[in-house]
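A.B. asks: Quick mapping for you: the protein sequence lines, in order, are chains A and B. Numbered by the working numbering, the letters in the first sequence go through residues 1 to 188 in order. Numbered by the working numbering, the letters in the second sequence go through residues 1 to 65 in order.
Note that these hints are calculated values from the structure, not bench results. Hints may be right or wrong, so weigh each one.
[Claimed, not checked] Among the chain A residues that face chain B by a calculated CB cut under 7 Å, a handful are:
1. T55
2. F91
3. G95
4. W97
5. P101
6. P107
7. H109
8. L111
9. Q113
10. M117
11. L120
12. L143
13. D146
14. C149
This structure is a prediction, so every number in the text was calculated from the model and none was measured. A virtual CB, placed ideally from N, CA and C, is assigned to each residue, including glycine.
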Amino acid sequence: MADFSAELERLRPQLLKYARLQLRNAAWAEDAVSDTLLAAIERPQTFAGQSQLKTWLIGILKHKLIDQIRRNSRELSTTREDDEPIEDELFDSTGHWRDQPQDWGDPEHALRQVDFMRVLEACVELLPGQQGRLFMMREWLELETDEICKELAISPTNLWVMLHRARLRLRECLQLNWFSGAQLAKES
Amino acid sequence: MSLLKRSCKEVSLLLMQAQELQLPWRERLALRLHMMACDACPRIVDQLALMRRATERWRSYSENE
């Protein structure tokens with residue numbers, strides 16, 4: 001049991017990282033992680049390794065995050081940054097790309113690298129609050145778009161505007177920090 | 001906006017939606033016509049596909065490693 005608690009404690013920072021990425025609120029993230037660890041301690045199990053334990057904990061965390069989203073749904077609103085029309089920076093008034101999209105080359109080459117995952121994670125973290133939350137709900141919690149609309153009481157049109165902006169921002173961030181060769185992660 | 005003419009800006013949204021839902025036939029046709037005439041947007045298709053695979057991989061990385 002002492003070992004089990006120690007293992008949980010060791011994984012806590014990772015759980016907190018994803019909780020923060022999802023909720024964009026430090027206090028709610030702490031609550032979700034505490035709830036997760038309490039639930040885990042109440043039914044200790046043995047795992048073949050740290051990786052299996054993590055998979056189990058992340059599974060619990062995902063449920064606790066949805067609980068937190070429900071509990072705080074009234075406060076999950078857009079920020080000023082969310083409302084900035086990034087699309088107007090990327091497209092001209094006739095709807096053409098201001099800068100031609102570049103060839104990103106062989107996808108496997110990028111995807112194989114752990115550094116690329118780190119850059120992607122940093123780019124998700126840089127998304128404005130509501131866009132980050134919606135992106136995570138869709139891509140990490142894997143909620144269906146109609147579930148997201150229901151939980152947050154937003155219209156499908158609004159959801160798509162925000163997801164569109166989130167992906168355009170993510171694309172810009174990856175272009176800047178990976179594909180243009182700057183590769184921030186490699187320096188750190 | 002003419003019946004089947006879409007700008008790159010509109011197409012970038014349609015491409016993202018097409019990854020997740022079945023677009024109405026008119027939008028699918030408009031998308032196809034745009035792609036035949038545009039140099040820039042086919043690259044976005046590749047970029048979006050890469051981003052999709054990357055987030056999938058990141059998700060499983062977050063769960064297992």
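A.B. asks: Just pull the numbers of the violated hints for me, sorted ascending.
C.D. replies: Hints 7, 9, 12, 13, 14 contradicted; others consistent.
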